[in-house]
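Asker: Mind docking chain R on chain P? Use the hints.
There are 2 protein chains.
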Amino acid sequence: MTDLQSTRQFVDDNADQMIEDLQRLVRQKSISSSGEGVRDCADLLASMMRDVGIDADVMATDGLPIVYGYITADRNNAPTLLIYTHYDVQPAEPEDEWDSPPWEARLVDDRLIGRGTTDAKGNLMAHIKAVQALKATGGMPINIKFIFDGEEESGSPSLPAFVDGHGDLLMADAALSFDGGFDAGNIPRINLGSSGLLFVQLRAEGGKNDLHSARARLVPNPAWKLVWALASMKDRDSNVLIDGFYDDIRPPNARERELLEQAGWDDDEQKASLGTEEFVGGVSGVDALEQLLFTPTCNIAGFASGYVGEGRKTLLPAKAAVNIDFRLVADQHPQDILRKLTEHLRRHGFDDIDVEGEHGIEPSRTDPDDPFVQVVVDAAKEVYQQNPTVRPTGDASGRQATWLAGKLGIPGAGTAIGPPDWRGHAANEFMTVRHYLDGIKYAATIWSNWADRWSDA
Amino acid sequence: MTDLQSTRQFVDDNADQMIEDLQRLVRQKSISSSGEGVRDCADLLASMMRDVGIDADVMATDGLPIVYGYITADRNNAPTLLIYTHYDVQPAEPEDEWDSPPWEARLVDDRLIGRGTTDAKGNLMAHIKAVQALKATGGMPINIKFIFDGEEESGSPSLPAFVDGHGDLLMADAALSFDGGFDAGNIPRINLGSSGLLFVQLRAEGGKNDLHSARARLVPNPAWKLVWALASMKDRDSNVLIDGFYDDIRPPNARERELLEQAGWDDDEQKASLGTEEFVGGVSGVDALEQLLFTPTCNIAGFASGYVGEGRKTLLPAKAAVNIDFRLVADQHPQDILRKLTEHLRRHGFDDIDVEGEHGIEPSRTDPDDPFVQVVVDAAKEVYQQNPTVRPTGDASGRQATWLAGKLGIPGAGTAIGPPDWRGHAANEFMTVRHYLDGIKYAATIWSNWADRWSDA
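Residue numbers (the working numbering), protein chains in the order written: chain P, 107 to 563; chain R, 107 to 563.
Just so you know, these hints were derived from the structure itself, not from any lab.
Predicted, not measured: the structure shown is a model, and the values here were computed from it.
Treat the hints loosely; a few may be bogus.
Identical copies carry no separate label here, and so any pair may be met within one copy or between two of them.
Derived DSBU-like pairs: lysine-lysine, alpha-carbon spacing no greater than 30 Å straight-line [claimed, not checked]:
{"#": "1", "residue 1": "Lys377", "residue 2": "Lys513"}
{"#": "2", "residue 1": "Lys513", "residue 2": "Lys251"}
{"#": "3", "residue 1": "Lys487", "residue 2": "Lys135"}
{"#": "4", "residue 1": "Lys241", "residue 2": "Lys419"}
{"#": "5", "residue 1": "Lys446", "residue 2": "Lys513"}
{"#": "6", "residue 1": "Lys135", "residue 2": "Lys419"}
{"#": "7", "residue 1": "Lys425", "residue 2": "Lys487"}
{"#": "8", "residue 1": "Lys419", "residue 2": "Lys314"}
{"#": "9", "residue 1": "Lys419", "residue 2": "Lys513"}
{"#": "10", "residue 1": "Lys487", "residue 2": "Lys419"}
Pulled out of the complex, with its shape left as it was, chain P reads as follows (with noise of 0.2 Å):
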């Protein structure tokens, strides 16, 4: 067993080189919108990553590089861990709102202030922490494979291109992110799972050009088109009528709906928040919430045809367009949606719409009896001695720890370390150093815990 009592000790003991480490980061900009820095900040991260052991390489992409690391354990029969967060950032404008600058990554009182010192590089940082600690005290428990991309402020444009071509690279006994934050009440928070998202055009064509309405008794309308396609997806009581759609949907299991119950939901505060008298469906309580995060969506995100603006305009729109995007959940497949809405199309005699689909976005949910999420759960308990929110899933899309667990099979989580309340891609994001200090050790935590249960088992 790792003696964590003495990698605790060194955290507390090293902590301003610690916090100097974490500053150096951040004053290192790595903006993915523009580009700034971004390059010098996966050089600056590599470098720092050598100088606790980790093996470091700056890997293109299609776009902004990946930052790849690889250490082993220092003893044998060690699990191997992939963790992903990110270094990039969102931008700091407008600078005048922030109480200190944001790429100072000032210390004032318990708060470190700047762009990234929680959304990602604070909690990117705890590992490289949690390394030099463990290195330093009782050796590595695991093996890691790091992948720190440099594009998610972005949506991570190249990382499923990356993925799909490092799958010997990447594999690992499971997958882990930290990024982000506590949830209000300084609670931490697990999330085992994310929607996928297929993001889809329809376009139809009518005339040459827009026409004088009283053509439309003979030429055919665009927009009621795109109205009879849609109409024939889904019903009023939102069944998507997509043959075959709700085919690969896992349902939630005990332990899953267990979890929902104790997620606290509240209908009014929900409500009052979105602005809704009446959820969809009319469901309610925890069931509204099981709607949430395990149900699908057809979502019509967008339609414009035609003229609809001041004044009137009497028109045959010559074009229509809609926008769908359909949430998915663990185990639908984009690619495999967009084949049967294209076959749903074209059997309801609807060829004449073009469809242009994405890629999208796979879903991914990890079953919260898988041991590994016990692992995270109790190094939690541990570190901040209370019971973390565990979240089964989530609504939105995403590229994390668990969607690369569900593109490798793998069990995943994601769980962060900074602050609630923390000002993510806003004025005077900030860090706590208590949040850093405990998110190394909840990381060296997670790791020790999880190698002594796998030589165990």
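Answerer: Just chain R, lined up with the frame of chain P:
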């Protein structure tokens, strides 16, 4: 019987003065879109009407004035004709595209070039000159009420309230309008009807703001509400499903069908012109023309919700709006259709869709077998020595004589005296001396022949 030979001779003998008077009227601008010169033109017109013995008044409306005139027959047992046309014109910009200045009404060879020479000051002046010629020769054969609109080029917004408020003043035995020019091939044309129009906006709301599209699992999507409402209103075979929508439609009679068959409809030419490969419902030939003229539409003129543009946004829209225009046919009534639509939405559970409908334009159609229509047709044959094209109704909507006739429950027809290809609304609009003088004779002939048949009946 009126001595038409002498009346026609009078027209030819006084051609120069008749042309000069049209030039005077054209030179007085009367642009309803800006209002420029309209009131001065109304005063000039009223004085020119009084000069030939018409009792004329410039009457206030909610917008620009209507010039109303009245003249009584110089014989007993005479019918009363309501004549509609307009004294306002389109702007002339860009004026440098004109071969001669648009407000000069210069005579170049046989052409009088200027804004309004045909549309509609030439058409209008034909009546005043016909009165002058008849008064100078055999006397007025009928009673005439004139409405000269000052807002026709702006959609006649004040006309409906004026007509509703002056039913007694306007009541007549038939209505006639002169506007525009001959068909291609120099064929005179007689229209017996026009389409109605009802313009409606449907609006739906979802959450209080646009939301992350993952929330579509719980928050109703207003675009879907409109899609389902629209799909309940019209099926894929273009049948309008609103209860009672077709109830009041008067199908074409044998004579109207005969007129369609004489119209020389060419599917290929029409398809090429409209840019469609197939007509709605797969119709062809005379059936296509019948569909164009005798069936109503429920047309999506605009649909706007969420975002459809560069890049992609996965959002749940807070609002959606759709503009629908219904082209109506005799004897549908726009306000009745609006009531039926509202009732349809209520009965189908779309109570939360907001319906905003305009007053609309009533459709109109006069039976081609009506004796008044025969009078106009025979006058055209007599003056122009060829058979006019008789259109049983038009696909577009308007408020000219057939509309007035429909409101008053009397027969109505629309005809035109300008040359073919008269460049309406464009640079170098023109009237020819021949078409103008013939138009004066055409008006006088219609009146005289009608008076003769009226007293014979």
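Asker: Each hint needs a verdict: does it hold in this structure or not?
Answerer: Comparing the hints with the structure gives:
1. Proximity of lysine 377 and lysine 513 under a CA criterion of 30 Å is satisfied in neither setting, with 35 Å inside one chain copy and 51 Å between copies.
2. When the C-alpha separation of lysine 513 and lysine 251 is checked against a cutoff of 30 Å, the pair qualifies only within one copy, where the shortest distance is 16 Å, while the shortest distance between copies is 83 Å.
3. Taking the shortest alpha-carbon separations for lysine 487 and lysine 135, neither the intra-copy value of 34 Å nor the inter-copy value of 86 Å comes in at or below 30 Å.
4. When the C-alpha separation of lysine 241 and lysine 419 is checked against a cutoff of 30 Å, the pair qualifies neither within a copy, at 72 Å, nor between copies, at 46 Å.
5. Taking the closest pair of Cα atoms, lysine 446 and lysine 513 come within 30 Å of each other only inside a single copy of the chain (21 Å); across copies the shortest separation is 54 Å, beyond that limit.
6. Proximity of lysine 135 and lysine 419 under a CA criterion of 30 Å is satisfied inter-copy only: 27 Å between copies versus 50 Å inside one chain copy.
7. For the identical chains of this complex, lysine 425 and lysine 487 are neighbours neither inside a copy (57 Å) nor across copies (45 Å), given an alpha-carbon limit of 30 Å.
8. When the C-alpha separation of lysine 419 and lysine 314 is checked against a cutoff of 30 Å, the pair qualifies both within a copy, at 18 Å, and between copies, at 28 Å.
9. Taking the shortest alpha-carbon separations for lysine 419 and lysine 513, only the inter-copy value of 25 Å comes in at or below 30 Å, while the best intra-copy value is 50 Å.
10. Taking the shortest Cα distances, lysine 487 and lysine 419 never come within 30 Å of each other, neither inside one copy (64 Å) nor across copies (39 Å).
Consistency note: the structure conflicts with the earlier hints numbered 1, 3, 4, 7 and 10.
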